[in-house]
Amino acid sequence: MYERVAVSGKPDAAARALLEARSPSAVGDRIKVPTLIMQGRTDSLFTLGQADAMQRAIRKNGAPVDVDWIAGGHDGGDRETARVQARTRAWFDRYLKGDKRADTGPAFRISRTGGVDSTDGTVRLRGASGDRYTGLDNAPRRLELTGREQRFANPAGAGPPAISAVPGVGALGNLSALGTGGLSLDFPGQYAHFDTAPLRTPVHLTGSPAVTVRISAGSPEAVFFAKLYDVGPDGRRQVLPSQLVTPYRIENIEPDKRAKGAEGTKDARAGKTVRLRLPVVDHDFAAGHRLRLVLSATDLGYASPTEPATYTVSLGDGDGGTSHAPKDVGELSVPTAPQVRSASAPLPAWTWALPAAAVVIAALLLLTTRRRTAAPVPDPSLADVPLRISDLSKRYAKSADRYAVRELSFRVEKGQVLGLLGPNGAGKTTTLRMLMGLIRPDEGEIRVFGQAIRPGAPVLSRVGAFVEGAGFLPHLSGRANLDLYWQATGRPAADAHIDEALEIAGLGDALQRAVRTYSQGMRQRLAIAQAMLGLPDLLILDEPTNGLDPPQIREMRDVMTRYAAAGRTVIVSSHLLSEVEQSCTHLVVMDRGRLVQAGPVAEIIGSGDALLVGVAGSEPLSDALVEKVAALPGVASAARADEGLLVRLADPDGTPRLLADLIRMEIPVDRVGPHRRLEDAFLTLIGGDAR
Amino acid sequence: MTPTETAAPGTDRKPSAAPRPTSAAAPGYRARHTLPLRVEALRQLRRRRTLVIAAILTLLPFVLVTAFAIGGDPSTRSTTRVTLMATATASGGNFAATVLFVSAGFLLVVPVALFCGDTVASEAGWSSLRYLLAAPVPRARLLLSKLTVGLLFSAAAMVLLPLVALGVGTAAYGWAPLQLPTGGALPAGEALPRLAVVVGYIFVSQLVTAALAFWLSTLTDAPLGAVGGAVGLTIVGNVLDQVTALENWRDFLPAHWQYSWADALQPQMEWGGMIQGSAVSVAYAVVLVAMAFRGFARKDVVS
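Quick note, the sequences are listed as chains A and B, same order. Each residue of the first sequence is one higher than the one before, starting from 37 at the first, in the numbering used here. Each residue of the second sequence is one higher than the one before, starting from 52 at the first, in the numbering used here.
Keep in mind the hints are simulated off the structure, nothing from the lab. Check before you lean on any hint, since a few could be wrong.
As the list claims (entries may be wrong) - Over 12 Å on every C-beta distance to chain A, these chain B residues come out as not near it, computed from the model:
id, residue
1, VAL116
2, LEU211
3, THR271
To be verified - Partial chain A-side listing against chain B, Cβ under 8 Å, derived:
id, residue
4, LEU383
5, THR405
6, PRO494
7, SER497
8, VAL503
9, ALA506
10, LEU509
11, HIS511
12, GLY526
13, VAL705
Nothing here was measured: the structure is a model prediction, and the numbers come from that model. Cβ atoms here follow ideal geometry from the backbone N, Cα and C, with glycine treated the same way.
Please put together the full structure from these sequences, using the hints given.
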């Protein structure tokens, strides 16, 4: 049957009878069960118009009918398999299983294109739904079409054909709904077109537009394809919604009775007025766009007559064709379905859950930070004590027994210049870092003016520090660095006393240069000036004389002495002891993290139990001999010194006895005197084997 | 943390005066006033990297205009993919959108990673961090100021680029409706808010990079480590997003949503992708920032 019809191009009576018997229309009046009709929007084989016919037939029987226009179809596109199956299952659950809670979905649903998914480039779909099926002629907008009478021809052999839907290559048309335009082509001379004016307001077409035209032809029969384009504001870019066309075969056209070539007047009765129904589509015509009706003699998707023919078409009025005069203006009826609204695409639940969970996690992270919340209470009895360190211990990270500082306790009183002495690695800098709140002690506490030190403790605003070298922004000038540093403290500019600090730095014009051009000594001085900004009550200087030349060192000593004389307190750490000896009033000696001795400088130096034994001759004493001396009764320790032997006595009055012992051991004693050099005293204190 | 901000008013502030009556903090010190945003911005503003970024972002539109002038109209070239490139020279708005398109993937990631990743680490590298902390700027306050300024600078970079592009593009191609790559056009008046949405979304989607860089910045003393780490992880995210076998797991990759701003340049504004992308980005960012604050509050500053 198909072959017969395909060859002739026309169905014969037997074919018609067979098709009608097999069509749903043959049984439509007997379907009385709830029906779900799903039809593809891009389907030139089974069109939405057929779905409409089914709906009307079944609806007449009183059963509920839902209509779902899915995106894809036989021409291609997204078949929405998952959604279609889900809805079908819900439908069966509801009406076969009797599950009253099953959601059968809206009475009318259209899958509209919501643009391109920017994450993977696929077309995004959005469902629009209405609570009733609106049919194909709902709420038509009437738009005026204009265009003069036009002639178009069917070329012999019906080629080349215009292109709309290409069966099997449906992907070409996929983007038409987006407005990119799939592939659609019309060949000049093979089509007639009529345009509307640019739309003032957008029109959303849902259904089958209709227009009345009058067509005449040289033959009693005309075959053509009607389609409606969406034409962009530039007039060139045009889009064929869903790539659909409606094929027409008009029969019994009144022939033109006049002789050929007699132009001018026309036979008023020639031709035929027909009401054309255009393809059922759902398409949004934006404001500024035009609608263009095109009647084309050929189409790639269809077999059309190969006999050449010429057609003349003009716009007819919509009143059934009582007037036969050709007109330049016609009316296009554009059905709409305003009650079918797009629901915004549902966002997955994680869209809200994820940030909420993140906030909870963040809150937990932050709240659990403050485990050691209870801020130590200020100790009013220590309010005048610049610094008290008690039982301070700090282990190196991930180390069980390597202590940087161990059980350190000492106290600094107002007005003191305290020297913190120790060889490299004694824990001085670690102690100072803990004092600045930069690292946390493992045990013990530090109190500055009675306030416990914690990271960012406000009392640190009364402490000025220079620890382990300068820290400046290299791209800024020295002056800008100091200014911004002070502004960063948030304190009043008047409190900075920047001029006094700058005087100490003594940088002169170099202040205006970027810090990266500074020498180490200049940075050092600038950093000390920064530590002195605001004239802090407690000034901490770590190795302040590194990189300074001798006059500057002497000046630094004076600065420290003067600073403390005003009632403030200075802590100086150093391993170069000679100048500390001259500027400090008190001394804390550390070795390997522990406190060795603390007290006034005079007391430590002049304690009298350290003796320097001068030895004659250039030969240094042998190790065995030094050990022998250390083993003598009344001797705490003995160490080799430059000029001889440094001996610490357990008994302050044991000098004569030591002398006798030394002579008995035949050591060539040159002289014996109390040792006053701090550096040597220091070596004695730490047992001489610090290095 | 500081119940003791009792700076006694009327305290003698003369330098020569004897030490002040004891109080917890120095007069005039308030933890909430430390490291104001203005000061932090000034500290960062004149850095070479800031100036270089600004220069690159300002020059890029000029470079692209020149490239189009040399290479010809991109719309005449046949492309199978729908891209903004094809419409770049249609109008000033199109040009700005195209500039965003070419730079959003990587070029705009770098300033964000740099401004947020370098901010703490470079202070540690300069040793100025310990002086700020001993000033004392409370640690949370320091991070807050630095993060805010870092984000402000990042936002400025993102606004600067399309603004310059819009100006340059308008001068070169005129003020016309924005031709959408998917067809249709937006009137210029409507296109500007759309472009603003694009910039806003790019900023939000970069929050995850910013937070990652910031967190790394609190971990390391090497600024390049923090910046490079953030950029590197962003690239890893992009690579993972290409692995389609991950299917829906890719939804949780920030890189999966990096071009969702293109939804604002479709005929119908589509918010879904941008909302989901923002949700992913903000979620990661919040956790990463919290980790930064937590880690830094407990950290021993030894730089």
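Against the structure, the hints come out as follows:
1. VAL116(B), annotated as away from the interface, keeps every beta carbon of chain A farther than 12 Å; the closest lies near 24 Å.
2. For LEU211(B), the shortest C-beta to C-beta distance to chain A comes to about 21 Å, beyond the 12 Å cut-off, and the non-interface label holds.
3. Look at THR271(B): its CB is around 15 Å from the nearest CB on chain A, clear of 12 Å, so calling it non-interface holds up.
4. A distance limit of 8 Å between C-beta atoms decides the matter here; for LEU383(A) the minimum to chain B is near 6 Å, and the interface restraint holds.
5. Hint status for THR405(A): holds, given a least beta-carbon distance of 5 Å to chain B, under 8 Å.
6. At about 4 Å, the closest approach between the beta carbon of PRO494(A) and any beta carbon in chain B falls short of 8 Å, and the interface hint on this residue holds.
7. Given the 8 Å rule on beta carbons, the hint for SER497(A) holds: about 4 Å separates it from the nearest Cβ of chain B.
8. A cut of 8 Å between beta carbons decides the hint on VAL503(A): the least distance to chain B is about 7 Å, and the hint holds.
9. For the restraint placing ALA506(A) at the interface with chain B, the shortest Cβ-Cβ distance is roughly 7 Å, inside the 8 Å limit, so the hint holds.
10. Hint on LEU509(A) holds. Least Cβ distance to chain B is approximately 6 Å, under the 8 Å limit.
11. Given hint, HIS511(A) at the interface with chain B, holds; its Cβ is 5 Å from that chain's nearest Cβ, closer than 8 Å.
12. Look at GLY526(A): its Cβ gets to within about 3 Å of chain B, closer than 8 Å, so that hint holds up.
13. This hint is violated: VAL705(A) has a C-beta 49 Å from the nearest C-beta of chain B, more than the 8 Å allowed.
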